[in-house]
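Visitor: Keeping the supplied structure of chain W fixed, place chain P upon it in accordance with the hints.
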Amino acid sequence: MPSALRVVLAEDGVLLREGLTALLGRFGHEVVAAVGDATALREAVAAHEPDIVVTDVRMPPAFQDEGLRAAIALRAERPLLPVLVLSQYVQREYAAELLDSGDGTGVGYLLKDRVGQVEEFVAALARVAGGGTVVDPEVVRQLLRRRRDPLAALTPREREVLALVAEGRSNVAIARELVVSEAAVGKHIGNILAKLGLPPAEDTHRRVLAVLTYLR
Amino acid sequence: MDRANTLWQALTRRDFLLSAWPWRAAGYLASSAATGALALTGLLVLAGFSLLLVGLPLLVLAGTGLAAVERRRLRLVDPEPAPGPHRTPAEPGLGAWLRLRLTEPATWREFAYGLLYALVLWPLDVLAVAAAVGLPLAAAATPVQLALDGQEARVVKTVLVTTWPGALAAAAAGLALLLLLLYPLAALAGARAQLTRLLLAPRESELRERLGEVTRSRARLVAAFEAERRRIERDLHDGAQQRLVALTMTLGLARLDAPEGPLADRIAAAHEETGRVLAELRELIHGIHPQVLADHGLAAALDDAADRSAVPVDTDVDLPRLDAPVESAAYFAVREALTNAARHAAARRIRLTARHRGALLAVEVHDDGRGGADARAGSGLTGLADRLAVLGGTLTVDSPAGGPTLLRVEIPCRAH
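If you're matching them up, the sequences are chains W and P in order.
With my numbering as the guide, the letters of the first sequence map in order to residues 1 to 216.
With my numbering as the guide, the letters of the second sequence map in order to residues 1 to 416.
With the rest of the complex left out, here is chain W (with noise of 0.2 Å):
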């Protein structure tokens, strides 16, 4: 991962524009190109080959969800092209349908707030950035409140361990997180991936598939 990002950022307000570029700035990153609206998105993602994208939701012509169907079009031609999405409100469908783009790798999607809690915000462009798959504690809240299936097979604990996965954190951030041994959240993990019926394969994979089954 390397420690300096060259950043493509789109969003259509000026103040948040500006506002994210000095944020990034102050942590070495680079945004290489700030954009308004999704075409101008795509053409700079195309002229400056960034490590990363980062785009609000809404945007020019239509205000509605050009700037993620224009992250969604861009891991499709880029799959390997890490993509954050900062998004005005948590909204399932939106973070299932872009971690669904790709292999769900290298993916974030976060309530637009987040950007103000700025060392957890930085942190975590860099977890997608690096590969890491993060979604939105809200979405994950609205989420635990609802009882879906097929997660009713999962005990609380379980469910727990899911959310912090779902947030992109690493075996050892949620062992200190939930004050418990690294063992017992790969015990966890295990067994959340059986009774999800997800088949031993590569690790981290399986664990964004755990995610998506998660939003869905």
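Just so you know, the hints here were simulated from the structure itself, not pulled from any lab data.
Among the hints, a few may not be true.
Interface residues of chain P toward chain W, partial, derived using beta-carbon atoms under 7 Å [what the hints assert, rightly or not]:
(1) Gln242
(2) Val245
(3) Ala246
(4) Thr248
(5) Met249
(6) Gly252
(7) Gly275
(8) Glu280
(9) Arg282
(10) His286
(11) Asp295
(12) His296
(13) Val317
Glycine residues also receive a C-beta, built at the ideal position from the N, C-alpha and C atoms.
Guide: Relative to the frame of chain W, chain P by itself:
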């Protein structure tokens, strides 16, 4: 007090002569003289002007004015109000009004009535009253005539009477005749009223037309309200929310840079507070109009509402995309139902089903709470029912005290 509701009913009752109906009938026909004379004069004057052409529209519209008076006069014998048959012009201005009036069939019916009335009907009315009331009263007045004259009196200017018994007999006959003639007089008044109503009251098709107008204007109001909602949501999102996010970002950076101490603590407090404001604003914006409804439609928006519900919701939603007003009305109905179930019904579980079958959207919210919801009790449900009614939809609430509550929304609509 008149117990009979109409003149026709009154005619068949035994107490007809004791009721006010005979007098109302006579009054109706007698008052015809005033408006009739006026109508005839007006007709002649305007017909004169019409030779110069400028009076022609005035002549036609005078029929409308007369008709308005006649509809009011109808109340004398017909308790059921006769509304005007005219439509409201779609645009303001005299030109639009005149164009509409001159093209409406009702205007020409009124004009025809005016001609008929001025030339034929009112003299007949007056003649009938004179014959049925005037003559018998004149006969009844024979004794008075005899007393004034001292020698003789002529009953209705014809039969000569010279004796008191003869005069009294004539008076008695006059009164008896009056009572007898009141029946045909009332019948004539009734027939006249029906003719007036036939020509001057709105036809079935005109009433339907007007109902359509009302529905369309209500639909326009709802659409305007909806557009305003979107505008407010957009303004908040593009304005206040963007600035607040930028502010939290600035405060977040300031927090990193501030040396430890009371200043850092205050920045931290301000930072957390802005975060809370932002979260509140986000919920507010979402409540006004959720983006997912526009982007992904009702099915996704209902799933989203279920995600946000404080009470767990089992969803069974299978819907195509529908018209925006339909999706919006159904969505807000469900949101209200979910809120009510959590807040008032103390429900522990909600079942939400939504289907579109045979050009009908049916959404059901079923909760296991304590019931007692009433759509008529001036709650938020009333507003929802109104909003659905504009789309031709219905809201039914089955909520016996003790529960459970079933709220059903039905809107006729086609899939996209």
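Visitor: Evaluate each hint against the coordinates.
Guide: We went through each hint and held it up to the structure:
1. Gln242: 4 Å, holds
2. Val245: Status holds, d = 6 Å.
3. Ala246: This interface hint holds because 5 Å falls under the 7 Å limit.
4. Thr248: Constraint on threonine 248 of chain P satisfied, holds at 3 Å.
5. Met249: At 5 Å from the nearest chain W Cβ, methionine 249 of chain P passes the 7 Å test, so the hint holds.
6. Gly252: 4 Å, holds
7. Gly275: 6 Å, holds
8. Glu280: 11 Å, violated
9. Arg282: The hint holds - arginine 282 of chain P has a Cβ within 7 Å of chain W, the shortest such distance being about 5 Å.
10. His286: 5 Å, holds
11. Asp295: 5 Å, holds
12. His296: 6 Å, holds
13. Val317: 12 Å, violated
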